[in-house]
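A.B. asks: Full structure from sequences and hints, please.
In terms of this note's numbering, the sequence shown opens at residue 1 and continues consecutively.
By construction, these hints were calculated from the structure, which means they are not laboratory data.
In this text, all values refer to a predicted model and were calculated from it rather than measured experimentally.
Where hints are given, some of them may not hold.
Estimated spans, in silico, between C-beta atoms of each pair [stated by the list, open to error]: (1) G131 to V181: 29 to 39 Å; (2) T156 to L99: 34 to 44 Å; (3) F132 to T156: 19 to 29 Å; (4) K149 to K5: 31 to 41 Å; (5) T75 to L111: 35 to 45 Å; (6) F196 to M1: 13 to 23 Å; (7) Q3 to I168: 37 to 47 Å; (8) L128 to A160: 14 to 24 Å.
Ideal Cβ placement from N, Cα and C applies to all residues, glycine included.
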Amino acid sequence: MTQQKRIIIYLFSILINALGNSFMVTAAIGSAPWTSASEALARISPLTVGLAIVALHVLALGSALLLGSRFSWWTILLSFSLVVLFGTAIDFFLSIHQLLYIPETLWTRLLYMAIGMPLISLGLALYLQIGFVLMPPDYLMKSLISRFKSTSIGATVSLAIPFLIASILSLVERELIGIGVGTFVFLLLNGPLIEFFQKTFPISRRVR
Numbered sequence: 001m002t003q004q005k006r007i008i009i010y011l012f013s014i015l016i017n018a019l020g021n022s023f024m025v026t027a028a029i030g031s032a033p034w035t036s037a038s039e040a041l042a043r044i045s046p047l048t049v050g051l052a053i054v055a056l057h058v059l060a061l062g063s064a065l066l067l068g069s070r071f072s073w074w075t076i077l078l079s080f081s082l083v084v085l086f087g088t089a090i091d092f093f094l095s096i097h098q099l100l101y102i103p104e105t106l107w108t109r110l111l112y113m114a115i116g117m118p119l120i121s122l123g124l125a126l127y128l129q130i131g132f133v134l135m136p137p138d139y140l141m142k143s144l145i146s147r148f149k150s151t152s153i154g155a156t157v158s159l160a161i162p163f164l165i166a167s168i169l170s171l172v173e174r175e176l177i178g179i180g181v182g183t184f185v186f187l188l189l190n191g192p193l194i195e196f197f198q199k200t201f202p203i204s205r206r207v208r
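C.D. replies: Take a look at the structure:
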């Protein structure tokens, strides 16, 4: 696969991930952990969900640096640019949902969740296979894995951080924001879905 095709697939994976997140946010029955924290932050601030994602991802990158990770300025710049693209795309897709349709019944909300979750996992499956530059939460997870010397503990703690942020902000608002059954279903199924899509859509690591 040529480098140009890999870049196109890489950017496509970010947009697919953002589209999936927009479906889960619109379903309003629980989002992926970092998105749920962003929803909560957006609720108590003038930020949009997309801008809240950018803010929290910058926090994640800063945390990774504090934990001892070292990045070149070029990597930091690319990672930040990736987050801006991701956050902007989520805001764009959310605005499309607002214009077209917002599900109100439980069944349509469940349908939106069922559409959004596989899209997020597909985007992650493609993105992780190419892995030019990772988004800040992924660097934070790698730093925590290195710190705890355990993949399972590091990954769990990295997801617990946004879950804790969303929980604290929900307490401030006295209402669960972004946390729901969809959050826990996502945590349960995201890994298997990523593995399924990586086997279904393998990307050669050889560059022609």
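A.B. asks: Each hint needs a verdict: does it hold in this structure or not?
C.D. replies: Structure-based check of each hint:
Evaluation of the 29 to 39 Å hint for G131 and V181 yields a pass: the beta carbon distance comes to about 31 Å. Taken as a hint, the range 34 to 44 Å holds for the pair T156 and L99, whose Cβ atoms sit roughly 38 Å apart. Hint check: F132 to T156, Cβ distance near 26 Å, so the stated range 19 to 29 Å holds. At roughly 37 Å, the beta carbons of K149 and K5 sit within the given window of 31 to 41 Å.
Remark: the range hint 35 to 45 Å for T75 to L111 is upheld by a beta-carbon distance near 39 Å. For the pair F196 and M1, the supplied restraint of 13 to 23 Å holds, since their beta-carbon distance comes to about 21 Å. Remark: the range hint 37 to 47 Å for Q3 to I168 is upheld by a beta-carbon distance near 43 Å. Checking the proposed 14 to 24 Å range against L128 and A160 shows it holds: the Cβ atoms sit about 21 Å from each other.
In this structure, none of the earlier numbered hints is contradicted; all agree with it.
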